[in-house]
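**Q** Respectively, the protein sequence lines represent chains A and B.
Under this note's numbering, the letters of the first sequence match residues 3 to 515, in that order.
Under this note's numbering, the letters of the second sequence match residues 8 to 219, in that order.
FYI, nobody ran anything at the bench for these hints, they're computed from the structure.
Please note that a few of the clues may not be correct.
[Stated by the list, open to error] Partial chain B-side listing against chain A, Cβ under 7 Å, derived:
no., residue
1, Gly11
2, Val12
3, Tyr33
4, His60
5, Val141
6, Ala142
7, Ile151
8, Leu161
9, Gly165
10, Pro173
11, Cys176
[Stated by the list, open to error] As a list, the in silico EDC-like pairs of lysine to aspartate or glutamate whose alpha-carbon atoms are at most 16 Å apart:
no., chain 1, residue 1, chain 2, residue 2
12, A, Lys464, A, Glu281
13, B, Lys206, A, Glu346
14, B, Lys206, A, Asp153
15, A, Lys144, A, Asp119
All of these numbers come straight from a predicted model, not from anything done at the bench.
Glycine included, every Cβ here is placed at the ideal spot set by N, Cα and C.
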Amino acid sequence: MNEASPSNESLRVFADYDRDFVEEADVVVVGSGPSGSVVTQQLAEAGHRVILVEEGPPFTPSEFVQDSNLTMARTLREAGLRSPIGTFMPILQAICLGGGSLVNSAMCLRPPPFVFDDWCSRFELSQTTRDDLEPHFDAVAKFLGIAPTPDDVQGKRNLLFRDGCRELGYSSEPCERNVQGCRGSGECFSGCRSRAKQSMDITYIPEAMRCGARVLTSLQVNRVLGAGRRVWGVEGRVVEPFTGRPGAHFRIHARVVVLAAGCMATPVLLMRSGGLANESGQVGQNLQMHPGSTVAGRYPDFVDPLFGGTQSYQSLQFLREGFKLETMWSPPAAQAVRTPGLGEDLVDRLSNFNRTVVWDGIVGANRSLGRVSARFDSMDPVIRWRLHPEDAGILVRAIHELCRIHFAAGADRVFPGIAGLPEHFDSVEEADVLRDASVAPGDLTVASSHLFCTTRMHGDAKQGVVDEWGKCYGLDNLYIADTGIFPACPSVNPMFTALALAHRQAHALKDRV
Amino acid sequence: MLLGVTIVVLFLIFVGVLIKRAWWGYPPSAGQLLGRGESALVKAAGEAMFPPHPGLAVDGGQAELARYADTYLQALGTSQRRLIRAMFLLFEQGPLLFPARGVGGFRRFSSLTPSQRLAYLEDWAQSRMLLRRVALSALKAVLILGYFGHDENLRALGLEAWEIEPVICEADLLYPPIGEPRSAVRWTRSDLNVETPRKPLRPFTKPAAERG
Numbered sequence: 003m004n005e006a007s008p009s010n011e012s013l014r015v016f017a018d019y020d021r022d023f024v025e026e027a028d029v030v031v032v033g034s035g036p037s038g039s040v041v042t043q044q045l046a047e048a049g050h051r052v053i054l055v056e057e058g059p060p061f062t063p064s065e066f067v068q069d070s071n072l073t074m075a076r077t078l079r080e081a082g083l084r085s086p087i088g089t090f091m092p093i094l095q096a097i098c099l100g101g102g103s104l105v106n107s108a109m110c111l112r113p114p115p116f117v118f119d120d121w122c123s124r125f126e127l128s129q130t131t132r133d134d135l136e137p138h139f140d141a142v143a144k145f146l147g148i149a150p151t152p153d154d155v156q157g158k159r160n161l162l163f164r165d166g167c168r169e170l171g172y173s174s175e176p177c178e179r180n181v182q183g184c185r186g187s188g189e190c191f192s193g194c195r196s197r198a199k200q201s202m203d204i205t206y207i208p209e210a211m212r213c214g215a216r217v218l219t220s221l222q223v224n225r226v227l228g229a230g231r232r233v234w235g236v237e238g239r240v241v242e243p244f245t246g247r248p249g250a251h252f253r254i255h256a257r258v259v260v261l262a263a264g265c266m267a268t269p270v271l272l273m274r275s276g277g278l279a280n281e282s283g284q285v286g287q288n289l290q291m292h293p294g295s296t297v298a299g300r301y302p303d304f305v306d307p308l309f310g311g312t313q314s315y316q317s318l319q320f321l322r323e324g325f326k327l328e329t330m331w332s333p334p335a336a337q338a339v340r341t342p343g344l345g346e347d348l349v350d351r352l353s354n355f356n357r358t359v360v361w362d363g364i365v366g367a368n369r370s371l372g373r374v375s376a377r378f379d380s381m382d383p384v385i386r387w388r389l390h391p392e393d394a395g396i397l398v399r400a401i402h403e404l405c406r407i408h409f410a411a412g413a414d415r416v417f418p419g420i421a422g423l424p425e426h427f428d429s430v431e432e433a434d435v436l437r438d439a440s441v442a443p444g445d446l447t448v449a450s451s452h453l454f455c456t457t458r459m460h461g462d463a464k465q466g467v468v469d470e471w472g473k474c475y476g477l478d479n480l481y482i483a484d485t486g487i488f489p490a491c492p493s494v495n496p497m498f499t500a501l502a503l504a505h506r507q508a509h510a511l512k513d514r515v
Numbered sequence: 008m009l010l011g012v013t014i015v016v017l018f019l020i021f022v023g024v025l026i027k028r029a030w031w032g033y034p035p036s037a038g039q040l041l042g043r044g045e046s047a048l049v050k051a052a053g054e055a056m057f058p059p060h061p062g063l064a065v066d067g068g069q070a071e072l073a074r075y076a077d078t079y080l081q082a083l084g085t086s087q088r089r090l091i092r093a094m095f096l097l098f099e100q101g102p103l104l105f106p107a108r109g110v111g112g113f114r115r116f117s118s119l120t121p122s123q124r125l126a127y128l129e130d131w132a133q134s135r136m137l138l139r140r141v142a143l144s145a146l147k148a149v150l151i152l153g154y155f156g157h158d159e160n161l162r163a164l165g166l167e168a169w170e171i172e173p174v175i176c177e178a179d180l181l182y183p184p185i186g187e188p189r190s191a192v193r194w195t196r197s198d199l200n201v202e203t204p205r206k207p208l209r210p211f212t213k214p215a216a217e218r219g
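Please model the entire structure based on the sequences and the hints provided.
**A** In structure tokens, the structure reads:
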């Protein structure tokens, strides 16, 4: 790590912009989420003049609030109310310096080799095996201090998951996370007041600034500037934090443009830039997600759910069957939102919330495809996506397994959260109704923050938007570095894969700039 | 002629009744943005959803949900605010389109009897129409976050937010409070308080079976 002290001279915040301006750089990176931050730091360290542009503001610990509605309104795009047309579900995407890393649960998993083998064989990739990426996973892991969650901050609700899995003979393991000095506050989703989570705003971004990168926040990029095979910069407006009210205009000229604005914003930006990088017609297509659903279990005794890592235990037992199981926690009221019932039933269940544990399952929904398109009047995307009945079936299977694990861990009542089925089960036999239940996708309550593939990499320029190094086909100096370049679902939490791919891209870019 | 006049008069009476039932006679709103009707809806729905319970400190009527909803609306952008307000309107005026069960069901939600309100919400929750279920889930989500997130309810269950002194790390010396200039950074090097190692918030006891 660079020893020089960072200075905020290289930072710009909303209050700094009082007029239109133009900047110059070797590289402009759009988006400060995990991928954009790594690319910025690596290129700055290599001596390039880099400008990192972020639409959201930087947060400090005293600005993290515990109310979930307010947290979502302040840190998520469209206040957390973004949803696709097709299957209704909240799509959670961050708008802040550090992107999703500020408000995610910090899980860092390397997808198993079969995921990359599948990517390579189906999408004609030759250098994206797990072995190819291993050095990049290692480098990122070392920088962020990624390690398994220790037992002393697991808390009872995570260890119950482990116990239930053991009872059923399922594999389980503590989650590896980019966290140092976790205190078990379970506040990952609302911002870590203990600054234990090594989010990008306190790791890669300050390090990039030490290396000379400039970080311009509260800027919304509206267009990539270019003609023919080359782009020469980006332009857009200053936007006020939280309201998004537009202000001064800006333009940044650069020899290389890296779009890391995320799986939704990057394709919209390409479309609004005159259909850039879309000779294949794949920009905005192939949208995939990891839809997830939660299952609550009520236990006979107080389980102290407040204490413990947010998502600290998981089971990869069923990964090949298409789903992953994990623990989860968020502020209690947010966690309680899916509590079934109304009136006396509801308050009775809420009154038991200190002996309630919630776990979730996510599905690698490869059959459920959607697309993203641009609105005429804003940079927010129009999202079309529908949960495929077969993927819904896998999610029901995940819910069934979560019910079984709850009962194996000692729960006396489990809430599966599926419309049209009983609100709760009191035994594993009752839960077995899920084996043969006919469940329509609309009966499931799902959410997702894992989104992929809208600018997918492909070995064939006619079928993908970027090559294996993230370079856009048909353009000499436009790159994409975010989860949009994944060719398919990674089946596990995607941040670590995005970081490793970005690290690899940055290494290739160092010589090309 | 007489028939025509009668029809017009009846129509005007109907419109008058509709206006009265939809918009007339609300008490003042509790908030800055929340309208009178919205305030009444939030209060009425909160009372129906969250009756008193011995395990919880406050009920839906005491949880100041209208004030909470007003704060939430203030935090939203224009289009999201419109969405939430449309949802409030849908529930408040919904019974005028699809009357609630029982006598007097053709009136706005906040004017229904407590049992009619609960039955009305349950109809939405159990509906086979996805959109109705989704709308109910959205209303319930906003209200649960206000009701269950109420400090006294959380404290009653031992779930109140941790009292954590925010940790200031080196990166925090870079960032000013949101909306303020860079010169307004709150902290200096003397404020850095990243202890190593930071202690878990609860002491850890290894289960007997694992102590060997």
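**Q** With reference to the structure, classify each hint as holding or not holding.
**A** A quick look at each hint next to the structure:
no.: 1; hint: Gly11; in the structure: violated (46 Å)
no.: 2; hint: Val12; in the structure: violated (47 Å)
no.: 3; hint: Tyr33; in the structure: violated (24 Å)
no.: 4; hint: His60; in the structure: holds (4 Å)
no.: 5; hint: Val141; in the structure: holds (5 Å)
no.: 6; hint: Ala142; in the structure: violated (10 Å)
no.: 7; hint: Ile151; in the structure: holds (5 Å)
no.: 8; hint: Leu161; in the structure: holds (6 Å)
no.: 9; hint: Gly165; in the structure: holds (5 Å)
no.: 10; hint: Pro173; in the structure: holds (3 Å)
no.: 11; hint: Cys176; in the structure: holds (5 Å)
no.: 12; hint: A:Lys464 - A:Glu281; in the structure: holds (7 Å)
no.: 13; hint: B:Lys206 - A:Glu346; in the structure: violated (40 Å)
no.: 14; hint: B:Lys206 - A:Asp153; in the structure: holds (13 Å)
no.: 15; hint: A:Lys144 - A:Asp119; in the structure: violated (25 Å)
When held up to the earlier numbered hints, the structure conflicts with 1, 2, 3, 6, 13 and 15 and fits the remainder.
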